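Chains as they are written, first to last, in our numbering: chain W, 1 to 379; chain Z, 380 to 601; chain D, 602 to 865.
Read the hints as simulated data drawn from the structure, not as lab findings.
It cannot be assumed that every hint is accurate.
Here are the simulated SDA-like cross-link-like pairs (lysine to any residue), alpha carbons at most 20 angstroms apart as the crow flies [as the list claims (entries may be wrong)]:
1. D:LYS643 with W:GLU107
2. D:LYS837 with W:LYS260
3. D:LYS643 with W:ASN258
4. Z:LYS504 with D:THR763
5. W:LYS119 with D:LYS715
6. D:LYS643 with W:VAL210
7. D:LYS665 with W:ALA205
8. W:LYS119 with D:GLU850
9. D:LYS665 with W:GLU127
10. W:LYS260 with D:SER810
11. W:LYS119 with D:SER810
12. D:LYS628 with W:GLU127
13. W:LYS260 with D:ILE644
14. D:LYS851 with W:GLU127
15. D:LYS851 with W:ASP118
16. W:LYS260 with D:PHE624
17. D:LYS851 with Z:ILE538
18. W:LYS119 with D:GLN811
19. D:LYS643 with W:THR336
20. D:LYS715 with Z:GLY497
Here are the simulated distance ranges between beta carbons [what the hints assert, rightly or not]:
21. D:ASP710 with W:SER263: 34 to 42 angstroms
22. D:LEU856 with W:GLY169: 46 to 54 angstroms
23. Z:PRO513 with W:SER263: 49 to 57 angstroms
24. D:ALA660 with W:ARG94: 22 to 30 angstroms
25. W:LYS119 with Z:ASN536: 50 to 58 angstroms
All values derive from a computational prediction rather than experimental measurement.
Don't be surprised by glycine CBs; every beta carbon is placed ideally from N, CA and C.
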Amino acid sequence: MSDSYKICTKLVVDSSYPDVQFDEFGVSHTYNDFHSNVKKYWQTGANGKRHLEELVLSIKRDGRGKEFDCIMGLSGGLDSSYMLHKMVTEFGLRPLVFHVDGGWNSELAVHNINVLVDKLGLDLYTEVINWQEMRNFQLAMFKSGVPHIDIPQDHSFIAVLYKFAREHGIKYILNGGNIASESVAVPSEIFYWGTDLVQIRDILAQFGSVPMKSYPFSSILHHKLYLRYFRGIKVFKPLNYMPFVQKDAISTLQRIYNWKPYSQKHFESRFTRFFEGYWLPTRFGVDVRRAQFSSLILSGQMTREAALTRLEQPPYDSELMRQDFEYVATKLGIDTDELRGLHEMPKKFYWDYRNRNNFFKLGEWVLSRIAGTTRGGAY
Amino acid sequence: MGPVSYSWYNSRRCILSRANVTLVDYGIGNLQAFCNIYSRLNVSIDIASTPEELSCAKRIILPGVGAFDWAMTRLIDSGLREMLDDLVLTQHVPVLGVCVGMQIMAKNSEEGVIPGLGWLDAKVKHFNHNNLSPDIHFPHMGWNDVEPAFQNELFANIIDPRFYFLHSYYFSPANLMQTLATTEYGIQFTSAAVSGNIYGVQFHPEKSHSWGIQLLRNFSEI
Amino acid sequence: MLRPRIIPCLLIHNGGLVKTVKFTDPKYVGDPLNAVRIFNEKIVDELIVLDIDATVSNAPPNYKLIGELAGECRMPLCYGGGVKSLNEVENIISLGVEKVAISSAALADQTLIKESAQRVGNQSIVVVIDVKKTGLISKRYEVFTHNGKRSSGVHPVEFAQTMESLGVGEILINSIDKDGTLSGYDMDLVDLIRRVVTIPVTVLGGAGSQTDIANLFQRFGVIGAAAGSLFVFKGKYRAVLIQYLSEIEKDQMYLLDISDSPLS
Chain W
1 MSDSYKICTK
11 LVVDSSYPDV
21 QFDEFGVSHT
31 YNDFHSNVKK
41 YWQTGANGKR
51 HLEELVLSIK
61 RDGRGKEFDC
71 IMGLSGGLDS
81 SYMLHKMVTE
91 FGLRPLVFHV
101 DGGWNSELAV
111 HNINVLVDKL
121 GLDLYTEVIN
131 WQEMRNFQLA
141 MFKSGVPHID
151 IPQDHSFIAV
161 LYKFAREHGI
171 KYILNGGNIA
181 SESVAVPSEI
191 FYWGTDLVQI
201 RDILAQFGSV
211 PMKSYPFSSI
221 LHHKLYLRYF
231 RGIKVFKPLN
241 YMPFVQKDAI
251 STLQRIYNWK
261 PYSQKHFESR
271 FTRFFEGYWL
281 PTRFGVDVRR
291 AQFSSLILSG
301 QMTREAALTR
311 LEQPPYDSEL
321 MRQDFEYVAT
331 KLGIDTDELR
341 GLHEMPKKFY
351 WDYRNRNNFF
361 KLGEWVLSRI
371 AGTTRGGAY
Chain Z
380 MGPVSYSWYN
390 SRRCILSRAN
400 VTLVDYGIGN
410 LQAFCNIYSR
420 LNVSIDIAST
430 PEELSCAKRI
440 ILPGVGAFDW
450 AMTRLIDSGL
460 REMLDDLVLT
470 QHVPVLGVCV
480 GMQIMAKNSE
490 EGVIPGLGWL
500 DAKVKHFNHN
510 NLSPDIHFPH
520 MGWNDVEPAF
530 QNELFANIID
540 PRFYFLHSYY
550 FSPANLMQTL
560 ATTEYGIQFT
570 SAAVSGNIYG
580 VQFHPEKSHS
590 WGIQLLRNFS
600 EI
Chain D
602 MLRPRIIPCL
612 LIHNGGLVKT
622 VKFTDPKYVG
632 DPLNAVRIFN
642 EKIVDELIVL
652 DIDATVSNAP
662 PNYKLIGELA
672 GECRMPLCYG
682 GGVKSLNEVE
692 NIISLGVEKV
702 AISSAALADQ
712 TLIKESAQRV
722 GNQSIVVVID
732 VKKTGLISKR
742 YEVFTHNGKR
752 SSGVHPVEFA
762 QTMESLGVGE
772 ILINSIDKDG
782 TLSGYDMDLV
792 DLIRRVVTIP
802 VTVLGGAGSQ
812 TDIANLFQRF
822 GVIGAAAGSL
832 FVFKGKYRAV
842 LIQYLSEIEK
852 DQMYLLDISD
862 SPLS
């Protein structure tokens, strides 16, 4: 390790995260930021419960006479599964539950969605993204050399969410984002804005080869501004108003639904598992677990020692990683040599392509002043 | 290791290949399925389509699907017969015949006219000879239970063994001691056979999910 | 004892998976490779994949896709769609597919069936019989080809018997009228065909619930129960979600006293 390597003394983010700063005690700014700015949005006690109850009242009131009173996406992952369970069984909400199939569902995800929806007696909606177009988009992202290659899946989720909300006249979106496990974010140069259409279109123009006829694109202006501020669609993150401890949530879901846990966050999509567990660490040197575990340390669910121990092992089984590598190549329609070539090509970032990063940063600043939110994040 | 490509394997010289398991490529059988399974198990496997490539095999799998005569003709045409006889009968290299690959190890079959390899003193017969009820249809097609007759490494660690069958003829050894496992389909027939280094299974381990994967793993450790 | 088979059936149209209703109105269901992978992990008995464009467009089989699907399957795979020559049959088998399904070509060219069965073995040749009820006043069953578009004037019973005599290893009865309706199998049709052939039979078209499959087994004993919509759609909004039976649910099916079920 070089002299300039630093790791936070309280958390496990280190200098591999480009925008992390350390103070004179070796503590990262994310730690300090959590305590000064973020914690106040995390209300797991009586305050939180009251807030949630008020929220539920408005949702129910506005939803009277309608088929659904709110909407939420179900990926099969822990956050959305637990949120669905709580909001339906404890608060009696009637959500439109949807799932976006990008062609990478793991069997575990499909099983979990199935058992939840069955036991809760809900009717599921799905949107199946045209695979040829999704593949085209994903391959173009790989070829561009940028880190944020999971945008095709992320963007489609956002677009479908707002599409369903608009079509069904639903005013309330329930989002599984939470401080308990996501307060520390992955650097923005790695997880770039998923809705920067200028960037997306530039990359597709340069590296895509299939016309994107049915893929659901959504402009940030459309959904963040028009739908949210003019049509009055509101987004809530209920998990921030209740105790949310991963271990307990998992055992509750296992017990009631026979829900099956994943070996790591976001592993419900085979592609995301490959992306976060292999591609990002080995090509860009960024291990998203540092952010995830740091968040858990801050919420008291994990000790720093335990996090450090886990970080010594690769994110997932190396044999499975090898199989995923072959599977991803096959799915993308390229051979493993070509995928290896893409893995080794010179690194590019969002600034190497047309982008509206400044506009997005301004928007985020404005919204944080008006509404106290952060981008796509924990609160 | 990337996906298996036959040409890559064909170009390897014997001196380099001491793979754990060698698949005989004589033009039939689901070679890719075996390769995929062994690749997942991290067991080295190579494919032999010439006698030289076959000559250093540590363990041999003789796959097969289709009719007896067609399989025997393909085997004879492949030029591998002599090397196979030598490896199996003289050098006692472990060999696993699968489906028709097992059947051709017999002396002959009612399905065809060409004699088999004769490695085992057995005949291959059609089920119909046993005057079965008309409810029993042929080919024998689907998942059926396999009962080992005695403990053997091939069936180690397989709970509740069941495998996929797809055949109309069955292997009938002269010596009942060679019946490693039986299956019931109208009659109790030999679904797996063994004689020293020679193993045969009538079913398709390469298409029998985890039961088959375990059996193939076991074979790679024999 | 031999278990009856429960088989998901996937339809391919323009390289993607679709589901139809009465052979029309294909709804996009997603990527075939990931679907096959999930079915593999659900430990399904067997899988049928049919390319519904191929005969109509007269295209050759998509060997690349077939190879990829076969590579994923740890259970037997039956592939069909536009197969019309011995060469194509052999190529498909050599890619690691256990069975080749032939439909329209079986009616047009009986020597193809005979030669294919001889070449690759009868256990690897499946004939798909697409059946619709036709007639204005008295309805009778008729075999259709070209993805349900051409009537043949042939009765399925007669066709099934001919196919068996040519060496076919399995008959797949596909009810066009029941396709995608989730209203139950056409048991009468199955009965007609089951009586006249001695080879295994698989039924497709109409399965809407596990009860439909159980009923099929109860009545016919060991038989193949194939289904498309049942394993791919969920709920009243036809959400696309791959499903199959669990081990326990399958065992409950088999507990039916199969050996006593008479053909009568």
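We went through each hint and held it up to the structure:
| no. | hint | verdict |
| --- | --- | --- |
| 1 | D:LYS643 with W:GLU107 | 7 angstroms, holds |
| 2 | D:LYS837 with W:LYS260 | 25 angstroms, violated |
| 3 | D:LYS643 with W:ASN258 | 15 angstroms, holds |
| 4 | Z:LYS504 with D:THR763 | 25 angstroms, violated |
| 5 | W:LYS119 with D:LYS715 | 51 angstroms, violated |
| 6 | D:LYS643 with W:VAL210 | 32 angstroms, violated |
| 7 | D:LYS665 with W:ALA205 | 27 angstroms, violated |
| 8 | W:LYS119 with D:GLU850 | 17 angstroms, holds |
| 9 | D:LYS665 with W:GLU127 | 27 angstroms, violated |
| 10 | W:LYS260 with D:SER810 | 25 angstroms, violated |
| 11 | W:LYS119 with D:SER810 | 17 angstroms, holds |
| 12 | D:LYS628 with W:GLU127 | 11 angstroms, holds |
| 13 | W:LYS260 with D:ILE644 | 17 angstroms, holds |
| 14 | D:LYS851 with W:GLU127 | 30 angstroms, violated |
| 15 | D:LYS851 with W:ASP118 | 19 angstroms, holds |
| 16 | W:LYS260 with D:PHE624 | 37 angstroms, violated |
| 17 | D:LYS851 with Z:ILE538 | 17 angstroms, holds |
| 18 | W:LYS119 with D:GLN811 | 17 angstroms, holds |
| 19 | D:LYS643 with W:THR336 | 27 angstroms, violated |
| 20 | D:LYS715 with Z:GLY497 | 29 angstroms, violated |
| 21 | D:ASP710 with W:SER263: 34 to 42 angstroms | 52 angstroms, violated |
| 22 | D:LEU856 with W:GLY169: 46 to 54 angstroms | 48 angstroms, holds |
| 23 | Z:PRO513 with W:SER263: 49 to 57 angstroms | 52 angstroms, holds |
| 24 | D:ALA660 with W:ARG94: 22 to 30 angstroms | 47 angstroms, violated |
| 25 | W:LYS119 with Z:ASN536: 50 to 58 angstroms | 35 angstroms, violated |
Hints 2, 4, 5, 6, 7, 9, 10, 14, 16, 19, 20, 21, 24, 25 from the earlier list are contradicted by this structure; the remaining hints agree with it.
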